[in-house]
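S.K.: For reference, the chains in residue letters:
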Amino acid sequence: MKSLKEEFLEILSNYQGILHKVSLIYFRNKSDREDNFQEIIYQLWKSFPKLKNKNSIGSWIYAVSINTSLYRLKKQSRIEYREKLPESIDKFDLIEEMTFSETSSKLLNAIYNLSEIDKSIMLLYLEEKSYDEIAEILGISKSNVGVRINRAKEALKQISSHGK
Amino acid sequence: MENNELQNAWKNIDGEINRKTTDELDQYLTSKCRKTIHKFIFLISLDVVVCIGLIVFLIITAFNRQGDLIYQTNNLILGAITLTALVVSFFSLKKLQGNRFNLPLKELLEQRIKLLSEWLLGRYSKLYIVLITILVAMIMLSIHVYYEYKPFLEVMSNTESIYGLAAGFTFGLFVSLFAVGKIRKYQLKNLEFLNDLHGQLCNIN
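Top line first, the protein sequences correspond to chains A and B. For reference, each letter of the first sequence is one residue, going 1 to 164 in this note's numbering. For reference, each letter of the second sequence is one residue, going 1001 to 1205 in this note's numbering.
One thing to keep in mind: the hints can contain errors.
[Stated by the list, open to error] When the alpha-carbon atoms are kept at most 20 Å apart in a straight line, the in silico SDA-like pairs for lysine to any residue are as follows: (1) A/Lys-5 with B/Asn-1190; (2) A/Lys-74 with B/Asn-1102; (3) A/Lys-46 with B/Arg-1034; (4) A/Lys-74 with B/Asn-1008; (5) A/Lys-106 with B/Glu-1016; (6) A/Lys-30 with B/Gly-1015; (7) A/Lys-50 with B/Asn-1102; (8) A/Lys-50 with B/Ile-1044; (9) A/Lys-129 with B/Asn-1008; (10) B/Lys-1095 with A/Ser-47; (11) B/Lys-1035 with A/Asp-35; (12) B/Lys-1011 with A/Gly-17; (13) A/Lys-74 with B/Gln-1200; (14) B/Lys-1106 with A/Tyr-131; (15) B/Lys-1020 with A/Glu-7; (16) A/Lys-2 with B/Gly-1015; (17) A/Lys-74 with B/Ala-1167; (18) A/Lys-74 with B/Asn-1190; (19) B/Lys-1032 with A/Lys-106; (20) B/Lys-1011 with A/Ser-101; (21) A/Lys-153 with B/Tyr-1163; (22) A/Lys-21 with B/Leu-1115.
[What the hints assert, rightly or not] Sample of chain A residues lacking proximity to chain B, with all beta carbon distances greater than 10 Å (derived): (23) Met-1; (24) Lys-2; (25) Asn-29; (26) Ser-47; (27) Gly-58; (28) Lys-106; (29) Glu-127; (30) Glu-128; (31) Lys-129; (32) Ser-130; (33) Lys-142.
Think of the hints as simulated: they come from the structure by calculation, not from any bench. Glycine included, every Cβ here is placed at the ideal spot set by N, Cα and C.
With the hints as constraints, model all of the structure from the sequences given.
M.R.: Written out as C-alpha cells, the structure reads:
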C-alpha cells in the first residue's frame, strides 16, 4: 500500500505541467518561477490530506496553484514591478531563460500584459477547461466566466496585434 | 492571433516545458517543508526569548522590591500581558502555518479581505495606539524606578526623574509606533492589492 507522500508525489508528477504553466504566466524570472513552483508543491501537500473528491484533482491543483501565485505576487509587489518594467526587458528575460518558439514567446509576452485575474482566466481557457470548472476554480458564476473569457481574449488579441 | 492559433501556441508551450522527475519533486517538497519548519522555530524562539526575558526581569525586580506594592502591581500586570502576548502569538503563528489555499479564489480573497479590513480599518483598529502607549509607559516605569533604587512614589515625586522618564517614554513610544506603523502600512498595501484582485474578478461592467 502506498504512503500518503508516495500517493501525493505520483499525482504531482502527473499534474506538474499545471504548476509549471501557472508559474510561467505569473513570473518572468527563472528563480521566481522556481520559488513559486516549490511554494505551490508545499501548499498542495498541506491541503492534500483534506482533499475529499479525488475526481477533481485537476481543479484542486489549478485552484491552489493560482491562489499561491497571486499571494506570492502580493508579497513581492509584482504589480508595481510589472508596470515599471520596460517591454524590451520582458522579451530579454524570456529569450534568455527559455527556448520557446516565436509564436509561443509572442503569446507569453501578450499574457504577461494582461491583468492578474485575466491571466488565470486565459490560462484556464487555453487549458480547455469547461465554464463549470473555471467557475468552480475561481468561485464566480458561469455567466461571469463567459464575459471574462471574451474580454481576456479580446485584450490578448489587441496586445498581440500591437506587438506585430 | 485567432482562437485556434492561441490554442496551438499554448499546446507548444506545454510541450516545451521541462518536467521534473519524482525524485526532484520529492526534494523540492522536503526542502520547502524543512525551510518552513526552521522559519517557524526561529520566530517562536525569538518570541519566547524576548517574552521570557522580560518576564524574568519583571520577577527578579519585583522580588527585589518586596515592600513597594505599586511597583509590584505594575510588574504583575506587565507580566500577565507579556504571557498573554506570548500565548496569542504562538497560536497566531500556528494558525498562519495552517492557512490553506485550496478554496475558490473569490472565497479566499473575501476571507482575507475581511480579516485584514477588521484588523486595519475595523472599530478597534486604532486601539493599538492606546495599548502601546500604556505598555511603553509601564515598561519604562518598571525599568526606570528599579534603577533609581528608590520606592515608586518617591521616584514619581522627583522632577529630575520625571524628566528622564518622559524622555525614555517618548523615545520608546516613537520607536514602537514607528515599527507598528510600518507593519500596518505594509498590510494596508496588501489589503489594497486584495481588493484590486477582488474587483478584477467580480466587476464585469
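S.K.: Minimum Cβ separation between A/Lys-142 and chain B greater than 10 Å?
M.R.: Per Cβ check, A/Lys-142 is outside 10 Å of chain B; nearest 12 Å; holds.
S.K.: Quick one, are A/Lys-129 and B/Asn-1008 close enough, alpha carbons at most 20 Å?
M.R.: Since the Cα atoms of A/Lys-129 and B/Asn-1008 sit roughly 15 Å apart, the hinted pair holds (cutoff 20 Å).
S.K.: What's the verdict on A/Lys-5 and B/Asn-1190, does the C-alpha distance respect the 20 Å limit or exceed it?
M.R.: violated, 33 Å
S.K.: Under the criterion that the straight-line Cα-Cα distance not exceed 20 Å, is the pair A/Lys-21, B/Leu-1115 satisfied?
M.R.: violated, 30 Å
S.K.: Is the Cα-Cα distance between A/Lys-153 and B/Tyr-1163 20 Å or less?
M.R.: Since the Cα atoms of A/Lys-153 and B/Tyr-1163 sit roughly 68 Å apart, the hinted pair is violated (cutoff 20 Å).
S.K.: Please confirm whether A/Glu-128 is truly not at the interface, meaning its C-beta sits more than 10 Å away from all C-beta atoms of chain B.
M.R.: violated, 7 Å
S.K.: Check the hint pairing B/Lys-1011 with A/Gly-17 against an upper bound of 20 Å on the C-alpha distance.
M.R.: holds, 11 Å
S.K.: Check the hint pairing A/Lys-74 with B/Gln-1200 against an upper bound of 20 Å on the C-alpha distance.
M.R.: holds, 15 Å
S.K.: A/Lys-106 and B/Glu-1016 were given as a pair; does the straight-line alpha-carbon distance stay at or below 20 Å?
M.R.: At roughly 15 Å apart (the allowed maximum being 20 Å), B/Glu-1016 and A/Lys-106 satisfy the hint.
S.K.: Taken at face value, is the distance from the CA of A/Ser-101 to the CA of B/Lys-1011 at most 20 Å?
M.R.: At roughly 11 Å apart (the allowed maximum being 20 Å), A/Ser-101 and B/Lys-1011 satisfy the hint.
S.K.: Far enough from chain B: is every CB of that chain over 10 Å from the CB of A/Gly-58?
M.R.: A/Gly-58 is indeed farther than 10 Å from all Cβ atoms of chain B, at 13 Å.
S.K.: Quickly compare the C-alpha distance for A/Lys-74 and B/Ala-1167 to 20 Å and report which way the hint goes.
M.R.: Judged against 20 Å, a Cα distance of about 39 Å means the pair is violated.
In this structure, the earlier hints numbered 1, 4, 8, 16, 17, 19, 21, 22, 26, 28, 29, 30 are contradicted, and the remaining ones agree with it.
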